[in-house]
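**Student:** Model the full structure from these sequences, guided by the hints.
So the sequences go chain by chain: A and B.
Note that our numbering numbers the first sequence so that position 156 is 156, with each residue one more than the last.
Note that our numbering numbers the second sequence so that position 269 is 269, with each residue one more than the last.
A couple of the hints might just be wrong.
Cβ pair distances, simulated, as ranges [unchecked claim]:
1) G199(B) <-> V106(A): 40 to 48 Å
2) L25(A) <-> S122(B): 48 to 56 Å
3) S227(B) <-> L35(A): 48 to 56 Å
4) Q69(A) <-> D69(B): 48 to 56 Å
5) T65(B) <-> L25(A): 53 to 61 Å
It is worth saying that the hints were derived from the structure and are not from the lab.
Where a beta carbon is used, it is the ideal one built from N, C-alpha and C, also for glycine.
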Amino acid sequence: MRRVETTTRPVRRSGRTGRVPVALLAPAVLGLLFLVLPLAGLLARTPWNTLPQRLTAPGVLTALRLSVQTATLATLLCLVLGVPLAWLLARVEFPGRRLVRALVTVPLVLPPVVGGVALLLVFGRRGVVGGWLDATFGITLPFTTAGVVLAEAFVAMPFLVVAVEGALRSADVRYEEAAATLGAGRWTTFTHVTLPLVGPGIAAGAVLCWARALGEFGATITFAGNFPGRTQTMPLAVYLALETDPQAAIVLSLVLLAVSVAILASLRDRWVGT
Amino acid sequence: MTLRPRPRPGSRPRTARGLLAALAALVLTVTACGDATRPGAGGGSGSGGDLTVFAAASLTDVFTTIGRDFEAATPGVRVTFNFAGSSALATQIDQGAPADVLASAAPEPMRTVTDAGNADGSPTVFARNQLVIAVPEGNPRGVTGLADLTAPGMKVALCAAQVPCGTAARSVLDAAGVHLTPVTLEQDVRSALAKVRLGEVDAALVYRTDVRAADAEVDGVGFPESSGAVNDYPIVVLRNAPNLTAARAFVAYVATGPGRAALAAAGFQVP
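**Tutor:** Right, dumping it as structure tokens:
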């Protein structure tokens with residue numbers, strides 16, 4: 001939880017004086033409105049008088065708990081796999097690195113539903129990996145909570161990799177070189193120099209990754225299906241509530257919004273700085 | 001987040017005029033698009049122009065066919081479909097989506113639209129549909145009725161209770177006294193069917209017509225309890241229909257005209 005202070009943190013540039021140019025201010029304010037107005041619309045249409053009953057309705061807490069749990073597990077999975085991947089992309093020269101870098105960002109541009117279908121084709125019962133898992137260990141991933149974690153991790157990992165790789169590339173390599181000249185191996189350098197150096201970048205990437213996983217819908221409903229308590233996360237509950245009871249959908253959206261904003265705000269202050 | 005743009009020597013900030021021009025161009029493009037895509041805009045008189053039909057997911061194949069036939073029979077009309085779960089369609093219409101016709105897979109979503117005063121006249125039932133058990137081609141697990149769905153290791157997909165096929169599935173299972181725990185509650189009937197086609201589940205309760213549409217990969221197993229939950233499909237012209245003339249012509253085409261033959265061919269019961 002301790003904020004990692006490093007001496008490479010640059011002194012803040014003092015470009016703060018002078019008039020704010022209109023050409024920057026006008027689009028900035030428009031952009032802010034564009035992002036905030038839909039949220040205001042959500043708040044305006046919230047049925048405040050029936051809010052307590054709706055919040056305690058069966059299924060709301062279950063879906064919320066499942067959402068937070070799966071998003072957290074997906075983020076951990078992304079950290080374990082994504083940080084080394086980012087390090088590989090930033091620090092190791094190998095043929096086809098540009099291609100690999102492009103491939104890593106594919107889930108960013110892929111419609112999540114397509115991602116879900118792709119996951120089914122690989123990890124489903126008839127899939128290459130899924131069929132083997134089923135035949136060898138009797139494990140099936142679709143329609144399980146593990147399947148939700150997998151779908152969320154698939155969609156969210158690029159956010160972490162891109163953030164961490166960016167942090168690694170802008171970090172000063174001279175510290176790592178100094179460690180190497182003092183006899184440290186690549187592993188020791190990674191754990192004792194590189195990781196602390198890009199700690200804030202990793203934290204920022206993890207926060208982005210978590211937020212993306214929390215809101216994941218398309219890949220989850222396609223790959224993991226929808227069953228309360230097992231695979232029905234908040235976004236799925238919101239979508240189905242919208243089918244019959246838009247007010248319930250608004251309340252569910254509000255809950256998800258409040259929880260994510262609260263968690264992100266607290267993490268940001270603690271780890272990422274401002 | 002730490003985003004620090006590096007000041008580049010020699011690069012000057014772009015002028016405000018350039019930025020504003022770009023912004024203005026963007027706004028113009030957006031508003032122009034808005035005008036052009038409004039259904040019926042510039043469509044002119046008669047029954048020409050664009051017709052937007054919101055139809056239940058289970059109508060996807062048959063309405064696509066009917067739409068093509070209708071276009072051929074009514075020169076100048078271009079039919080666009082929005083296929084989704086009936087309840088989602090009803091919600092979209094009640095929120096002001098610019099549609100001409102709604103064809104729902106059950107009376108309940110239709111009722112929310114008529115109750116909100118968004119229908120022009122009262123709906124007509126144009127088709128009926130029944131549930132069957134969809135199983136992979138060749139019925140590898142030998143399913144013969146609802147009771148087989150509770151066999152150990154059997155993975156079953158149902159529709160969620162919020163959409164018509166889910167309501168119908170619940171009522172046939174209750175009527176049969178079968179206590180079934182599905183692995184997933186899908187958001188519409190075609191998603192449930194897709195899980196069978198992909199081989200991820202062993203069976204799904206879907207409409208008879210859905211099985212017929214996916215004939216090559218899926219077999220349908222009928223069961224007697226399904227007659228207790230027959231779905232009525234109502235269709236209606238919407239009050240704010242941008243293209244009222246074509247909308248009325250389309251509803252007549254489906255409910256009393258040549259559309260009936262296409263519906264019957266797809267496996268619907270036509271009243």
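**Student:** Confirm or reject each hint.
**Tutor:** Tested hints:
1. At roughly 25 Å, the beta-carbon separation of G199(B) and V106(A) lies outside the given 40 to 48 Å, and the hint is violated.
2. For L25(A) and S122(B), the hinted distance range of 48 to 56 Å is satisfied, since their beta carbons lie about 55 Å from each other.
3. Evaluation of the 48 to 56 Å hint for S227(B) and L35(A) yields a pass: the beta carbon distance comes to about 52 Å.
4. A C-beta distance of roughly 51 Å is found between Q69(A) and D69(B), which places it inside the suggested range of 48 to 56 Å.
5. For the pair T65(B) and L25(A), the supplied restraint of 53 to 61 Å holds, since their beta-carbon distance comes to about 55 Å.
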